[in-house]
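Trainee: So the protein sequences, as listed, match chains A and B. One point on numbering: in my numbering, the residue at position 128 of the first sequence is 128, and numbering is uninterrupted. One point on numbering: in my numbering, the residue at position 64 of the second sequence is 64, and numbering is uninterrupted.
Hints are computed from structural coordinates only; laboratory data are not their basis. These numbers come from a predicted model, not from an experiment. Each residue gets a CB set at the ideal place from its N, CA and C atoms; glycine is no exception. One or more hints might be untrue.
As the list claims (entries may be wrong) - Cβ-Cβ distance ranges computed for the label pairs, FRET-style:
# : chain 1 : residue 1 : chain 2 : residue 2 : range
1 : B       : Ser150    : A       : Glu27     : 30 to 40 Å
2 : A       : Gln134    : B       : Thr136    : 55 to 65 Å
3 : A       : Gly136    : B       : Pro95     : 47 to 57 Å
4 : B       : Thr141    : A       : Gly153    : 23 to 33 Å
5 : B       : Thr21     : A       : Gly136    : 36 to 46 Å
6 : B       : Ser150    : A       : Arg151    : 51 to 61 Å
7 : A       : Glu137    : B       : Ser150    : 21 to 31 Å
8 : A       : Gln9      : B       : Lys48     : 40 to 50 Å
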Amino acid sequence: MIPGVDYSQRYWDDVVEGDELPEVRDEITYRRVIMNPATTWDYFPGHHDPEYARSQGQPTIYINTMHFLGFIDRLATDWGGPASFIARRKMSMRNSIYAGDTMVGRGRVTRKYTDESAGETRHLVELDLSVENQHGEVCAPAVVHLRLPRRPGA
Amino acid sequence: MSSSLTAAPPGPGGTELVTGTYEDALAMVGTTREVTFSSHRVTWALIKYFCAMVRDANASYWDEEFARAQWGGVVSPPALLLTWVMAPEWSPGDPLPAPMLLGRVPLPDPTVISVGTDMEFFRPIRVGDRLNAEETLREVTPRKTTRLGSGHFLSTESVYRLGDGTPVARYVHELFRFTPGEAGAR
Chain A
1 MIPGVDYSQR YWDDVVEGDE LPEVRDEITY RRVIMNPATT WDYFPGHHDP
51 EYARSQGQPT IYINTMHFLG FIDRLATDWG GPASFIARRK MSMRNSIYAG
101 DTMVGRGRVT RKYTDESAGE TRHLVELDLS VENQHGEVCA PAVVHLRLPR
151 RPGA
Chain B
1 MSSSLTAAPP GPGGTELVTG TYEDALAMVG TTREVTFSSH RVTWALIKYF
51 CAMVRDANAS YWDEEFARAQ WGGVVSPPAL LLTWVMAPEW SPGDPLPAPM
101 LLGRVPLPDP TVISVGTDME FFRPIRVGDR LNAEETLREV TPRKTTRLGS
151 GHFLSTESVY RLGDGTPVAR YVHELFRFTP GEAGAR
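Chain A with its partners taken away, still in its complex shape:
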C-alpha cells in the first residue's frame, strides 16, 4: 500500500438509490489551468493565454474539456473506489471554470441496476453529477454509469 493512495472500495450490494456522494471542492489556480495543456496536450489558447481568452469575451483562461471529464470521473471513482469502472459518461458544458474559481462536485445515485447486454451480468449504478462554480452556477452536469464489484461472498 502506498500512503495517501485511495484503496477504499464500495460494493454494489451496499448502494442504495438516493445515496449522496461526498462533495468534492477544488480550487483552480492559474497554475492548475496551465497544467491542462501540459497534461492533456490540448494547446487551445483559451487554456493558457489570458489575452486570447479576453478576446473571446472571457475574463481569463479557463479549464479544458478533459479537466472537466477528469474531475467528474474522480467524483465518481473517489466514491466508488479503485475497482469501479466508468462504463459510460455523458456531460454537457454550460459555463466555464476560470482560473481563480473553485470547482464543486456533487452527486447522487439515481439508479442501481444490472445489465446483461455484454453476455455477462454487470452490476452498475447510475450517478447524476454536477460541477458547479463557487457562485452555485452549474457548469457541467453529467450522468455516469459506474460498474461496481459485488461484495465478496454476496
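For this one, chain A is given, so just place chain B on it according to the hints.
Mentor: Only chain B this time, still in chain A's reference frame:
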C-alpha cells in the same frame, strides 16, 4: 454569468475551419475520416501528471501492484482517451497531421465550441496500449440561435480501438459552429 466557451479539444492539425454552406455540410454527413493511428503508446508518466492536475488518488493510476491485480496493468483515466491519439504538431519529415473532421465540415460560421460529450468504455485502457480512432460525421442541424449567437450543431462519433481491432471506447462529440451575436455578448 459567463458564456460557455469551452473550446473543442483540438486534435491532429488543430481546428482550422473550412467554410461553405449548410447544404455542403449536409452532403458530408456520414463521411468517415481516415483512421488516426497513434504514433505512441499509453504511458504511465502522462497518467501521473494528469492525475496530479485532477488530484485523483485512485490506486488504479498510482499503484502498479494493485492495478496489475485489478486490471492487468496500470490504467489510464478515461478522461485521457482523446490524448492517446493526438499527434505531435511536428515530427521529422512528416507532413502536418490531417485536421479533425469537425474542422472540415463546410459551414459559414467562423468559430466552434464543444457543448457535450458522451463516452462509453468497453474495457480499460492500459499502459502500453496503442490506440487508433475512426471518426464519422453523424449530424448537422438546421440553423439555430442560442445566447452565444447563431449557427449549426454538429455531432461526430468516434470509435477507439486497439491495434488488433478490439474496441475500447465510443465517443460522441457535440459541437456548436457559430457566428457570435448580440445575444452572445457578455
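Trainee: Which numbered hints are broken by the structure, listed smallest first?
Mentor: Numbers 2, 4, 8 - these are the hints that the structure violates, sorted from lowest upward.
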